[in-house]
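S.K.: Spelled out, the chains give:
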Amino acid sequence: KNEVEQSPQNLTAQEGEFITINCSYSVGISALHWLQQHPGGGIVSLFMLSSGKKKHGRLIATINIQEKHSSLHITASHPRDSAVYICAGRGSDSGGGADGLTFGKGTHLIIQP
Amino acid sequence: DTEVTQTPKHLVMGMTNKKSLKCEQHMGHRAMYWYKQKAKKPPELMFVYSYEKLSINESVPSRFSPECPNSSLLNLHLHALQPEDSALYLCASSQVATGVDSPLHFGNGTRLTVT
Numbered sequence: 001k002n003e004v005e006q007s008p009q010n011l012t013a014q015e016g017e018f019i020t021i022n023c024s025y026s027v028g029i030s031a032l033h034w035l036q037q038h039p040g041g042g043i044v045s046l047f048m049l050s051s052g053k054k055k056h057g058r059l060i061a062t063i064n065i066q067e068k069h070s071s072l073h074i075t076a077s078h079p080r081d082s083a084v085y086i087c088a089g090r091g092s093d094s095g096g097g098a099d100g101l102t103f104g105k106g107t108h109l110i111i112q113p
Numbered sequence: 114d115t116e117v118t119q120t121p122k123h124l125v126m127g128m129t130n131k132k133s134l135k136c137e138q139h140m141g142h143r144a145m146y147w148y149k150q151k152a153k154k155p156p157e158l159m160f161v162y163s164y165e166k167l168s169i170n171e172s173v174p175s176r177f178s179p180e181c182p183n184s185s186l187l188n189l190h191l192h193a194l195q196p197e198d199s200a201l202y203l204c205a206s207s208q209v210a211t212g213v214d215s216p217l218h219f220g221n222g223t224r225l226t227v228t
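These protein sequences, in sequence, are chains X and A. Here the numbering used here is used: the first residue of the first sequence is 1, the next is one more, and so on. Here the numbering used here is used: the first residue of the second sequence is 114, the next is one more, and so on.
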């Protein structure tokens with residue numbers, strides 16, 4: 001089964017700091033989601049990556065296929081960025097069947113004012 | 114706002130009740146998913162529908178019964194649940210069920226409490 005490992009599990013930082021969350025994954029994952037979940041809430045998909053780098057506002061996601069590693073960066077962090085950030089691997093199409101996502105355990109981020 | 118709509122937002126039910134969770138999307142997606150999420154845990158896949166056919170059933174107890182009446186709607190029928198089934202139930206959809214260019218879109222979830 002595909003595995004996705006995230007670090008750190010918990011991260012507290014001051015407003016304005018540059019934040020990095022890391023994700024490592026095993027073979028069999030063809031693309032990686034970065035997801036955001038606020039307490040008690042639904043999940044928002046931030047990025048889906050299969051190569052390179054994507055940027056949206058203050059969020060940047062990168063992926064290194066060879067090293068099977070992805071990072072999510074938040075620049076100029078703000079208290080409203082406080083949430084759980086989850087990386088999730090999308091399985092490769094290895095037999096024509098449907099697939100869901102393999103989730104990491106999440107990083108609980110708190111940005112203090 | 115999410116483009117995947119789940120109702121109800123909250124549901125409290127007894128162990129002898131029958132209830133249904135509903136999920137709707139109008140993005141033309143042909144794959145729809147049910148996930149279960151316990152507190153402080155990542156979501157767990159329950160069911161995947163691809164082109165209105167059940168494609169994956171991750172060994173979910175029969176007290177959970179999915180239904181996909183058409184490509185826009187996904188239901189989860191609940192019967193004789195246990196207190197440990199209390200969780201956030203998330204629906205998601207994607208353009209197709211596989212592929213790197215088909216990201217998942219999630220709903221806000223239904224918070225279920227079984228008493």
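Hints are computed from structural coordinates only; laboratory data are not their basis. What you are looking at is a predicted structure, and each value in this text was computed from that prediction instead of being measured. Yeah, the Cβ is synthetic: ideal placement off N, Cα and C, and Gly gets one too. Incorrect hints may appear among the rest.
[Claimed, not checked] Chain A is nowhere near these chain X residues, computed Cβ spacing over 12 Å in every case:
#1 T12
#2 Q14
#3 Q37
#4 R58
#5 L59
#6 T62
#7 H69
#8 H73
#9 V84
#10 A88
#11 K105
[As the list claims (entries may be wrong)] Pairs of lysine-lysine, DSS-like flavour, derived with a Cα cap of 30 Å:
#12 X:K53 to A:K122
#13 A:K122 to A:K153
#14 A:K151 to A:K131
#15 A:K122 to A:K132
#16 A:K151 to A:K122
#17 A:K131 to X:K68
#18 A:K151 to A:K166
#19 A:K153 to A:K132
#20 X:K54 to A:K154
#21 A:K122 to A:K135
#22 A:K135 to A:K151
#23 A:K166 to A:K135
#24 A:K166 to X:K53
#25 X:K55 to A:K166
#26 X:K105 to A:K154
#27 X:K53 to A:K154
#28 A:K151 to X:K68
#29 A:K122 to X:K105
#30 A:K154 to X:K68
#31 A:K153 to X:K105
#32 X:K53 to X:K68
#33 X:K68 to A:K135
#34 A:K122 to A:K166
#35 X:K55 to A:K154
#36 A:K135 to X:K54
[As the list claims (entries may be wrong)] Distance ranges between label pairs, derived from CB positions:
#37 A:L186 to X:Q14: 20 to 26 Å
#38 X:S26 to A:K151: 20 to 26 Å
#39 X:A76 to A:S178: 45 to 51 Å
#40 A:Q208 to X:E5: 26 to 32 Å
S.K.: Next, verify each hint and record whether it holds.
M.R.: Hint check results:
No beta-carbon of chain A comes within 12 Å of the beta-carbon of T12 of chain X; the shortest separation is about 16 Å. The claim that Q14 of chain X is not at the interface with chain A holds, since no C-beta of that chain comes within 12 Å of its own (minimum 24 Å). Not every beta carbon of chain A lies more than 12 Å from that of Q37 of chain X, the smallest distance being close to 9 Å; the non-interface claim is violated. Every CB of chain A is more than 12 Å from the CB of R58 of chain X (nearest about 20 Å), matching its label as outside the interface.
For L59 of chain X, the requirement that its beta carbon stay farther than 12 Å from each beta carbon of chain A is met, with the minimum near 15 Å. T62 of chain X, annotated as away from the interface, keeps every beta carbon of chain A farther than 12 Å; the closest lies near 16 Å. The claim that H69 of chain X is not at the interface with chain A holds, since no C-beta of that chain comes within 12 Å of its own (minimum 17 Å). The claim that H73 of chain X is not at the interface with chain A holds, since no C-beta of that chain comes within 12 Å of its own (minimum 19 Å).
Distance to chain A contradicts V84 of chain X as a non-interface residue, since its nearest Cβ pair spans about 9 Å, not more than 12 Å. A Cβ of chain A approaches the Cβ of A88 of chain X within 12 Å, the least distance being about 8 Å, so the stated non-interface status is violated. For K105 of chain X, the condition that its CB be more than 12 Å from all CB atoms of chain A is violated, with the nearest at approximately 6 Å. Between K53 of chain X and K122 of chain A, the direct Cα distance comes to roughly 35 Å. Violation of the 30 Å bound is thereby established for this hinted pair.
Under the criterion of a C-alpha separation no larger than 30 Å, the hint pairing K122 of chain A with K153 of chain A is consistent with the structure, at around 19 Å. Restraint check for K151 of chain A and K131 of chain A: satisfied, since their Cα atoms lie roughly 21 Å apart, inside the 30 Å limit. A hinted pair counts as satisfied when its Cα atoms are at most 30 Å apart, and K122 of chain A with K132 of chain A qualifies at roughly 13 Å. Restraint check for K151 of chain A and K122 of chain A: the C-alpha separation of about 16 Å stays at or below 30 Å, so the hint holds.
In summary, the hint linking K131 of chain A to K68 of chain X is not supported, as the alpha carbons are separated by about 45 Å, beyond the 30 Å threshold. Of the pairs offered as hints, the one joining K151 of chain A and K166 of chain A holds, with about 27 Å between alpha carbons and a cut-off of 30 Å not exceeded. A distance of roughly 25 Å separates the Cα atoms of K153 of chain A and K132 of chain A; the hinted pair therefore holds under the 30 Å criterion. As the CA atoms of K54 of chain X and K154 of chain A are separated by approximately 27 Å, the hinted pair is consistent with the 30 Å bound.
In summary, the hint linking K122 of chain A to K135 of chain A is supported, as the alpha carbons are separated by about 10 Å, within the 30 Å threshold. Restraint check: the Cα-Cα separation between K135 of chain A and K151 of chain A comes to about 19 Å, which is no more than 30 Å; the hinted pair holds. Proposed proximity of K166 of chain A and K135 of chain A is supported: the alpha carbons are some 17 Å apart, at most 30 Å. A hinted pair counts as satisfied when its Cα atoms are at most 30 Å apart, and K166 of chain A with K53 of chain X does not qualify at roughly 35 Å.
Between K55 of chain X and K166 of chain A, the direct Cα distance comes to roughly 36 Å. Violation of the 30 Å bound is thereby established for this hinted pair. As the CA atoms of K105 of chain X and K154 of chain A are separated by approximately 7 Å, the hinted pair is consistent with the 30 Å bound. Distance hint between K53 of chain X and K154 of chain A is fulfilled; the C-alpha atoms sit about 28 Å from each other, no more than 30 Å. Our distance criterion of 30 Å between C-alpha atoms is met by K151 of chain A and K68 of chain X, whose separation comes to about 28 Å.
Distance hint between K122 of chain A and K105 of chain X is fulfilled; the C-alpha atoms sit about 24 Å from each other, no more than 30 Å. Only pairs whose Cα atoms come within 30 Å are accepted, and K154 of chain A paired with K68 of chain X is accepted, the gap being roughly 23 Å. A threshold of 30 Å between alpha carbons decides the hint, and for K153 of chain A with K105 of chain X the separation of about 9 Å falls inside it, so the pair holds. Our distance criterion of 30 Å between C-alpha atoms is met by K53 of chain X and K68 of chain X, whose separation comes to about 14 Å.
The hinted pair formed by K68 of chain X and K135 of chain A fails the criterion: a straight-line CA distance of about 37 Å is larger than 30 Å. Between K122 of chain A and K166 of chain A the CA atoms are separated by roughly 26 Å; this keeps the pair inside 30 Å, and the hint holds. With a CA separation close to 27 Å, the supplied pair K55 of chain X and K154 of chain A stays within the 30 Å bound. Of the supplied pair hints, the one linking K135 of chain A and K54 of chain X is violated, its CA atoms being roughly 33 Å apart against a limit of 30 Å.
Taking 20 to 26 Å as the suggested C-beta distance range, the pair L186 of chain A and Q14 of chain X does not conform, at roughly 46 Å. As the Cβ distance of S26 of chain X to K151 of chain A is approximately 24 Å, the hint placing it in 20 to 26 Å holds. Between A76 of chain X and S178 of chain A, the C-beta spacing of about 47 Å keeps the proposed range 45 to 51 Å intact. Remark: the range hint 26 to 32 Å for Q208 of chain A to E5 of chain X is upheld by a beta-carbon distance near 28 Å.
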